[in-house]
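Asker: In case you want the letters, here they are:
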Amino acid sequence: MISQQGQLELFRLIGSSLNQDVTCYAFGGNAMMFYGYKGETKDVDLLFEDEENRREFIRVIKLLGYEESSPFKIYIEEKLREKHRPLMFKRQDDNGRFDLFVKKIFRTLLSPRMQEDVYAEHEFNEKNKLKVKVLRKEQLVILKSVTDRQNDFDDIKTIIKQDKHFDWQYLIDEVFWQHRHGDTWVLLDVEEMLKELKKYVLVPEKFVRQLYGMNRDKLRLAPKKKAKN
Amino acid sequence: MNQKTYEMLYALEGLQTVETVMNKLNLTRQSAINLLSQLKRQQHVTVSGQGKIKRIYRITIRKQLPRDLGMFDILNKYNPDFQINPWFDHQVHGKYGPEEAIIDAIQTKKFRLILATLRLFNYIKDWPSLYQSAKKEDCWQQVGALYDVARLFFKVRKMPEKYRKVRFKKIKYLIEKYRTKEIMFRPIHQKWKVPIPFREGDLTKITGMW
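Top line first, the protein sequences correspond to chains V and B.
Just so you know, my numbering puts 71 at position 71 of the first sequence, and the rest follows in order with no gaps.
Converting from the second sequence to my numbering requires adding 229 to each position, the first position being numbered 1.
In case anyone wonders, no lab produced these hints; they're calculated from the structure.
Glycine included, every Cβ here is placed at the ideal spot set by N, Cα and C.
Careful, some of the hints might be misleading.
[Stated by the list, open to error] As a list, the in silico EDC-like pairs of lysine to aspartate or glutamate whose alpha-carbon atoms are at most 16 Å apart:
no. : chain 1 : residue 1 : chain 2 : residue 2
1   : V       : LYS73     : V       : ASP152
2   : B       : LYS420    : B       : ASP377
3   : B       : LYS365    : V       : GLU126
4   : V       : LYS161    : B       : GLU242
5   : B       : LYS394    : B       : ASP377
6   : V       : LYS127    : B       : GLU366
7   : B       : LYS339    : V       : ASP117
[Said to hold, decoys possible] According to the in silico footprint, chain V covers these stretches of chain B (three or more CB under 8 Å from chain V):
no. : segment
8   : 290-300
9   : 317-325
Throw the hints in and build the complete structure from the sequences for me.
Answerer: Written as structure tokens, this is what we have:
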């Protein structure tokens, strides 16, 4: 487990060994710590804009003793067949784990809205700059539905319960955008998450209907397979 | 967080005074003060106002973590009459002052942020550092032009002559497609090859002469 203070110190340490400026997006439990939703997390989830940034980041964490670990047992098998699965790094003393994605989180793109509407930007100014952008809470909920690991659903519940001003329309719009841009999983993942979430918190019905409507349209528009003669 | 604390925080979230907390939870004054003090220790409350000024408590369900300074904090600190409402939380963990804030503000290409940098030139202590950072981000032309605009309106610290002698050929914009419209800024435009997007009225806002 890693605490918020531990995370800041770790990023500072990484920033001091970088040979170039690196920008990344935080979206997992570590992003929730920047908000103050929770005090500690198991994994540090980061998304990079390009492979070069991720390569430099990996070079530095390897210097700090992190070694590549297997993503099996953490993500479901179906997701691990994806091209954009994460590279994972762990230390022997189990001081947190890095899940490093580039460009996409499985099929979910780094959208223009994600890049513009960040919640926070943390810069670690050493010799070179490490810039960690924290995504909006609505984006966190979508991405947690997509990654679908153990505890991800509990994190979603925490976000929704602790935030009176959760923008459901923003979430739905982003899901539609992702779907239009080729993420065929996002609708089903979010729908499944909402179905479960309704057991614990009040989800406004009109947003659920919007999502179901989109899903129905998708099924209607899907080309029918021709029966083999 | 247990359910009882959660429900209490849910009811109190927002700005409160001791009296509003007393009314909402039906508590005595001392109990309300004790409760606020306890929540403050748990990082759910921050306080503004002291002495004769009425204390206002900002209460949130999630914890309010201690912050490091960022671009908005620096710009607001040196522009008491021209405050900017941050639209995201910018924090820098490490050395950060007016030199770095000027570069960050220029890169946002936002009108109000660039306007607010003018006040910062009087607090530049490390010109070599500002020059190096601007060169790295390829925006020394813009910094130089803003410095000359600031000199027209405020008392500013002197920029070392060696940084002013550079000649430029290519035009660079502070904000894309905004051109110089005020005659008084034309010499600055000519020298630094940077169109100045401000009008005279904009400058009166930050000089505090309404």
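Asker: Would you mind marking each hint as holding or not holding in the structure?
Answerer: Results for each hint:
1. LYS73/V - ASP152/V: holds (14 Å)
2. LYS420/B - ASP377/B: holds (10 Å)
3. LYS365/B - GLU126/V: OK: LYS365/B and GLU126/V at ~14 Å, within 16 Å.
4. LYS161/V - GLU242/B: holds (13 Å)
5. LYS394/B - ASP377/B: holds (13 Å)
6. LYS127/V - GLU366/B: holds (14 Å)
7. LYS339/B - ASP117/V: Answer holds: LYS339/B to ASP117/V is near 15 Å, not above 16 Å.
8. 290-300: Three-residue rule met by the segment 290-300 of chain B, so holds; n is 6.
9. 317-325: Since 9 is at least three, the answer is holds.
In summary, the structure agrees with every hint in the numbered list given earlier.
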